[in-house]
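**Student:** Protein chains in written order, with the working numbering: chain E, 1 to 250; chain G, 251 to 422.
Everything labelled a hint here was simulated from the structure, so no lab data went into it.
Some hints here could point you the wrong way.
[What the hints assert, rightly or not] Computed list of lysine-lysine pairs in DSS-like fashion (alpha-carbon distance at most 25 Å, straight line): (1) Lys-50(E) to Lys-205(E); (2) Lys-98(E) to Lys-61(E); (3) Lys-380(G) to Lys-205(E); (4) Lys-229(E) to Lys-50(E); (5) Lys-177(E) to Lys-380(G); (6) Lys-96(E) to Lys-309(G); (7) Lys-309(G) to Lys-327(G); (8) Lys-61(E) to Lys-96(E); (9) Lys-96(E) to Lys-312(G); (10) Lys-100(E) to Lys-61(E); (11) Lys-50(E) to Lys-104(E); (12) Lys-177(E) to Lys-61(E).
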Amino acid sequence: MSNKSDQPSMDRRQFIGGTVAAAGAITIAPGVILHAVAGSEEPSAGASSKHRWGLVVDSNKCADGCTACVDACDEEHNLISHDRPQTDAKWIRTVKLKDKLTGKINRLVMMCQHCEFPPCVDVCPTNASFRRVDGIVLVDRHRCIGCRYCMMACPYKARSFVHEALHDQAVSAPRGKGCVESCTLCVHRLDYGNMTTACQEACEKEGHAAILFGDLNDPQSQISQLLLKNNSTEIRADLELNTGVRYLNL
Amino acid sequence: MRSSFLRRKCITSLLAGIALAVPALQAEAESSLVTEGSEAASLDACVAPTQEIRRYHMKYLKHDRDEVVIEGDRRVKYSLAACVNCHAGTDDAGSYQPVNAEGQFCDACHDSLAVSPDCFQCHRTTPDPKSKKLSSSALDRLHDQMLDASTHLDSIESQGLYANEPAGIQRD
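Could you build the full structure based on these sequences and the hints that come with them?
**Tutor:** And the structure:
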């Protein structure tokens, strides 16, 4: 296709994005950091395997009763509710875990864990489920036949099936009846240089800052530093899927 | 003798009339293909020469969708969202009409050709008020790529249309 070499590389854009983010981070209250949107609005020249995008969710900071991230995700991707909670599409959901012995309750958000070895990709008969080279697990709806094997295979119950005909979808999240879908790590933002997911943005706005998005491959990134200094948990680590979403204080 | 001369004159003038009328009809048919009131109606040409887009838009879109979805390359030239943004017409009240609604831009051709593409089962049919990515500046950039459209058209005519078919994507 077109000549790719004359385009700015991902590294350059990330450097610029990082610089802008560092300059634009303002502390408006203790624990509340408002990040300037680091979007250069330059379209991505393609995903790069130099990055591995992931999330860290801090269970201690995830506030009981708060659904800001879920609402933000619904709003961002136009996930319309039909008042049927059993079948409504949910890309992120809140979960409570109770330790039966001590009674301690942990709260966390669960979404696609963006595994390095995703079971959904293994079972997909049409190659619609795929892992992008930068670690984001996606569904190519052009290929999805709606068989839902991936939903059966996912140990995290992270995927939804669209049961109803849709209209007025978000232009950044085309979706329709008969396809399986799940969290995209806000790939439409990332590809235009915006390094914040909708859920992270909403969580920070609420003042909890329980969700952090970043590059797990970059040792200097905020997310890597956080994981370096704290004990983190990979849910169902026994399956050895090497998830891109990690949990703190779980 | 006189009557046959008159008949010949009559036929000649009829033929001349048809010869003049056909290009006029063609011109009218061409102009009515773009929905009135859409942004496209105010522009000289599409993101590629009109003839080429009419013939190959489906192949271009299919090729670029794989680039975007699988490779994550968002710099593609052909985007369905850009088609919708530019070609969506408005009703009397000024609100956008779905491009696949009866008589609208996509439907008008697809209906007469009896094809039913599935694009709009998932894709939005009107410009998205929430989207900033396909703002007028993005569209301007697309139209900047049109600057060499005339030379491109020349090359199509010299090489034949098939020389410009997009290459397939190799996937494992």
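**Student:** Next step is simple, just say for each hint if it's right about the structure.
**Tutor:** Results of checking the hints against the structure:
Distance hint between Lys-50(E) and Lys-205(E) is unfulfilled; the C-alpha atoms sit about 30 Å from each other, more than 25 Å. With a C-alpha separation of about 16 Å, the suggested pairing of Lys-98(E) with Lys-61(E) holds against the 25 Å cut-off. Straight-line distance between C-alpha atoms of Lys-380(G) and Lys-205(E) comes to about 20 Å, which keeps the hinted pair within the 25 Å bound. Taking the CA atoms of Lys-229(E) and Lys-50(E), the gap is near 23 Å; set against the 25 Å cutoff, the hint holds.
This hinted pair checks out: Lys-177(E) and Lys-380(G) have alpha carbons roughly 22 Å apart, not beyond 25 Å. Restraint check for Lys-96(E) and Lys-309(G): not satisfied, since their Cα atoms lie roughly 48 Å apart, outside the 25 Å limit. Of the supplied pair hints, the one linking Lys-309(G) and Lys-327(G) holds, its CA atoms being roughly 12 Å apart against a limit of 25 Å. Straight-line distance between C-alpha atoms of Lys-61(E) and Lys-96(E) comes to about 13 Å, which keeps the hinted pair within the 25 Å bound.
Distance hint between Lys-96(E) and Lys-312(G) is unfulfilled; the C-alpha atoms sit about 43 Å from each other, more than 25 Å. Annotation: proposed proximity of Lys-100(E) to Lys-61(E) holds, straight-line Cα distance about 21 Å (limit 25 Å). Proposed proximity of Lys-50(E) and Lys-104(E) is contradicted: the alpha carbons are some 39 Å apart, above 25 Å. With a CA separation close to 36 Å, the supplied pair Lys-177(E) and Lys-61(E) exceeds the 25 Å bound.
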